[in-house]
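*Asks:* For reference, the chains in residue letters:
Protein chains: 2
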Amino acid sequence: MTAALDLTADPVDLTAALVDIPSVSGSERPLADAVQQALVTAAPHLRVVRSGDAVLARTELGRDSRVVLAGHLDTVPINDNLPSHRTGSGADELLHGCGSVDMKGGDAVLLHLAAALTEPRHDLTFVFYDCEEVEAERNGLNRIERELPEWLDGDLAIVGEPSDAGIQAGCQGTMRVEVRTNGTRAHTARAWMGSNAVHAAEPVLRALAEYVPRNPVIDGLQFREGLQAVRIEGGVAGNVVPDSCVVTVNHRFAPDTSVAEAEAHLRELFAGYDVEVVDRSGGALPGLSAGPAAELVRASGAEPVAKLGWTDVARFAARGLPAVNFGPGSPTLAHTRQENVPTAQIRHCAEVLRRFLGAS
Amino acid sequence: MTAALDLTADPVDLTAALVDIPSVSGSERPLADAVQQALVTAAPHLRVVRSGDAVLARTELGRDSRVVLAGHLDTVPINDNLPSHRTGSGADELLHGCGSVDMKGGDAVLLHLAAALTEPRHDLTFVFYDCEEVEAERNGLNRIERELPEWLDGDLAIVGEPSDAGIQAGCQGTMRVEVRTNGTRAHTARAWMGSNAVHAAEPVLRALAEYVPRNPVIDGLQFREGLQAVRIEGGVAGNVVPDSCVVTVNHRFAPDTSVAEAEAHLRELFAGYDVEVVDRSGGALPGLSAGPAAELVRASGAEPVAKLGWTDVARFAARGLPAVNFGPGSPTLAHTRQENVPTAQIRHCAEVLRRFLGAS
Chain A
28 MTAALDLTAD
38 PVDLTAALVD
48 IPSVSGSERP
58 LADAVQQALV
68 TAAPHLRVVR
78 SGDAVLARTE
88 LGRDSRVVLA
98 GHLDTVPIND
108 NLPSHRTGSG
118 ADELLHGCGS
128 VDMKGGDAVL
138 LHLAAALTEP
148 RHDLTFVFYD
158 CEEVEAERNG
168 LNRIERELPE
178 WLDGDLAIVG
188 EPSDAGIQAG
198 CQGTMRVEVR
208 TNGTRAHTAR
218 AWMGSNAVHA
228 AEPVLRALAE
238 YVPRNPVIDG
248 LQFREGLQAV
258 RIEGGVAGNV
268 VPDSCVVTVN
278 HRFAPDTSVA
288 EAEAHLRELF
298 AGYDVEVVDR
308 SGGALPGLSA
318 GPAAELVRAS
328 GAEPVAKLGW
338 TDVARFAARG
348 LPAVNFGPGS
358 PTLAHTRQEN
368 VPTAQIRHCA
378 EVLRRFLGAS
Chain B
28 MTAALDLTAD
38 PVDLTAALVD
48 IPSVSGSERP
58 LADAVQQALV
68 TAAPHLRVVR
78 SGDAVLARTE
88 LGRDSRVVLA
98 GHLDTVPIND
108 NLPSHRTGSG
118 ADELLHGCGS
128 VDMKGGDAVL
138 LHLAAALTEP
148 RHDLTFVFYD
158 CEEVEAERNG
168 LNRIERELPE
178 WLDGDLAIVG
188 EPSDAGIQAG
198 CQGTMRVEVR
208 TNGTRAHTAR
218 AWMGSNAVHA
228 AEPVLRALAE
238 YVPRNPVIDG
248 LQFREGLQAV
258 RIEGGVAGNV
268 VPDSCVVTVN
278 HRFAPDTSVA
288 EAEAHLRELF
298 AGYDVEVVDR
308 SGGALPGLSA
318 GPAAELVRAS
328 GAEPVAKLGW
338 TDVARFAARG
348 LPAVNFGPGS
358 PTLAHTRQEN
368 VPTAQIRHCA
378 EVLRRFLGAS
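If you're matching them up, the sequences are chains A and B in order. Quick note: the first sequence uses our numbering, first residue 28, plus one each step. Quick note: the second sequence uses our numbering, first residue 28, plus one each step.
Simulated from the structure, these hints should not be mistaken for lab results. Do not rely on the hints blindly, as some may be mistaken.
Covered stretches of chain A (chain B as the covering partner; in silico rule of three or more C-beta atoms under 8 Å from a C-beta of chain B) [to be verified]:
hint, stretch
1, 157-168
2, 210-220
3, 361-367
Here are the in silico distance ranges between beta carbons for each label pair [said to hold, decoys possible]:
hint, chain 1, residue 1, chain 2, residue 2, range
4, A, P240, B, N169, 54 to 60 Å
5, B, V305, A, P240, 34 to 40 Å
6, B, E237, A, A321, 54 to 60 Å
For glycine and all other residues, C-beta sits at the position ideal for the given N, C-alpha and C.
Could you put together the complete structure from these sequences and hints?
*Replies:* Rendered as structure tokens:
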């Protein structure tokens, strides 16, 4: 049985408790159960609902504006990096473990505030959701958008993804394509009777290795595109010339490029190959000039920067909300075995949001 | 109960009877029992012994030389191709069914001769063995070599694998290596923090695509080498720069090259990469210039050709016997659902061997 979460605890302790409940995508149920139970217990001022392995909670105070605060509960696969542990001390203390930076530190900040902010300046909606780290179709926000769309509406969305405790605005789009080569099977002892589909993938890998990505500046923020093979698979048996090879390619593109433009670019780059788009999500332009987004930037006391990774910020942007990333830890450590989060950033994020959202 | 086999019947009828006793690798017992019973009944001039699901029989006439005749009893899995049936007639007649070409046609020839040749020119050893169609470790010849090694000795080995009723001599060696590239994982949104192991495999595929195999002529026979990727695998998740990619490569090398030389060649070709040998079997030189092997070539009345695939010929060659493949049917039909054997080739093979082995 999973230990109960204490939302009134220090958010760093709460982060460690969240990390120690494994929640690889598709296996979030124990963590979602614990989050739901903790909200019901420690935040009686919130209305709490459940959607699959997502937990949603909101104030209904009749404020003029509403801020949506969202965090995914799932993590990438555990990589010999559980349970959590700490190193260093004071300002240099780090909390290590699978999900520590992506994004249980952010979840802990939001859960802490969900319990603490009983009289917020804006109405608040908290969304703790499932399956962010896998194909976009499985993302829990799809289900919520379908079944409980009003729970995603508001005047600003803050996604607690790691941003080094700074405001990261906009986000890059992402597209995944499968580039397939074909051949003809034959026994390897008579290989000239066949045609090797793995050998035929060489120009695809060359195009990837030689690709020079764009680095555009948009609304003063620097974006950085990318094009990477994320998987390659081919082979029939140890003595058979393979007749098929598939290279899965992930393209990250700046928000000045549409999904259609990104697809056209990839189809041109891999002209002559069988190209299938298997996943696509548009980017989001920054949008920080007015409203609660501008207030948040002031409360953070730092210059916003461009968000390079695709995050669910773009989903909120597509619904018409300005949306930012704001969470503890470095995104460069996300998905690495050594992922960790500076505990000072967890506390800093909680303070900035308390200043921004707390009673004036 | 399995019907008794009549070794004095026409070898084509005997082939059909063998095909109609299913004997997928690991399930050879009923066929081995029938073969043993038939040899005891119809060939009282032979000493018969049993080893697992293999049956061995030999003359002990004190001849100056001994010829070993070997055939495996097992087949690949049945593929909706039993019982046997015939199509065509006369010189165009085909016998269809699982195992017809690989290699119950050859087994029938050997069993027919085992009963017929009561006064052969050379002493004869017949080896009907199990589990040739599966991993090399399970091959019945391993057990026989361990427990009854003298039953594999002689001056020439004839393996009745399908060779289109021609002499196929020698065989190529085979080696399988894993060529690994390494990289550093990173989120694809920040790919410059990592190093892509799939992109790094491009020079490996280029070396394979550009490889020009040797086609050496050895003892007058044309061999054809090959170097083929048989598998490629890399990838962690759809948004992660992969840190490892493995290309499995199968090298087929002519018998003038040793296993050690083949390995050195691959290590040179893939210098700078992590190369691991996962499977290796040496080839066999033709060795047709003298002795019983030369007599057999003369008896066949046709030019011998090089065997390109690896067969148990190489096991005999490793024991110091010249060894050849000689059996009815086309090796290109082996392991196919539509496998069949021309009945004329069954009779031709029986005649050639009777001419070669019969009393002078």
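*Asks:* Could you run down the list of hints and mark each one as holding or not?
*Replies:* Okay, the hints, checked on the actual structure:
no.	hint	in the structure
1	157-168	holds (count 3)
2	210-220	holds (count 6)
3	361-367	holds (count 4)
4	P240(A) - N169(B): 54 to 60 Å	holds (55 Å)
5	V305(B) - P240(A): 34 to 40 Å	holds (37 Å)
6	E237(B) - A321(A): 54 to 60 Å	holds (59 Å)
In this structure, none of the earlier numbered hints is contradicted; all agree with it.
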